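A.B. asks: Mapped onto my numbering, the consecutive letters of the sequence shown carry residue numbers 20 to 118.
Treat the hints with caution; some may be incorrect.
Using C-beta positions, here's what the derived DEER-type ranges look like [to be verified]:
id	residue 1	residue 2	range
1	Phe108	Lys42	32 to 42 Å
2	Ala101	Gly66	20 to 30 Å
3	Ala45	Gly65	14 to 24 Å
4	Val34	Asn112	15 to 25 Å
No lab work stands behind these hints: they were computed from the structure. Just so we're clear, the structure is a prediction, and the values are computed from it rather than from any experiment. Note that beta-carbon positions come from the ideal geometry of N, C-alpha and C, so glycine has one too.
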Amino acid sequence: LVCNAPWSFTSAWSVVRLFLDTKTQAKFKVLGKGKEQLKALEEALGGIDKVPAFLGGECVCPGGCVCLDPAHEPTERVLTDAQVRYARFCFANRESCVP
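Required output: the full structure, derived from the provided sequences and hints.
C.D. replies: Below is the structure:
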């Protein structure tokens, strides 16, 4: 899952994926920015409350947002301290951070 991919990456991915087997293609999801990304993340993670705040969701876990696998518990220590600080800042200042 690639989030906030620039248009150049999403364009390149749309060409590269044509050369990959369909099973391999299915292992990747490349998301640009905006409402489509937020909707896809909400669907993939099982709700807006599980999407990290720095990506436009509502998740602010104790100690900072972590990546979630919808089939398992949250994994710890996935984000750097800077990313955790940014997530907390975005949650407190949602209008300025929502993609």
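A.B. asks: Run every hint past the structure and note whether it holds.
C.D. replies: Here is what the structure says about each hint:
The supplied range of 32 to 42 Å is met by Phe108 and Lys42, whose beta-carbon atoms lie about 39 Å from each other. Hint check: Ala101 to Gly66, Cβ distance near 26 Å, so the stated range 20 to 30 Å holds. The hint said 14 to 24 Å for the Cβ distance between Ala45 and Gly65, and at roughly 19 Å that hint holds. Hint check: Val34 to Asn112, Cβ distance near 37 Å, so the stated range 15 to 25 Å is violated.
Hint check: a violation occurs at hint 4 only; the rest are consistent with the structure.
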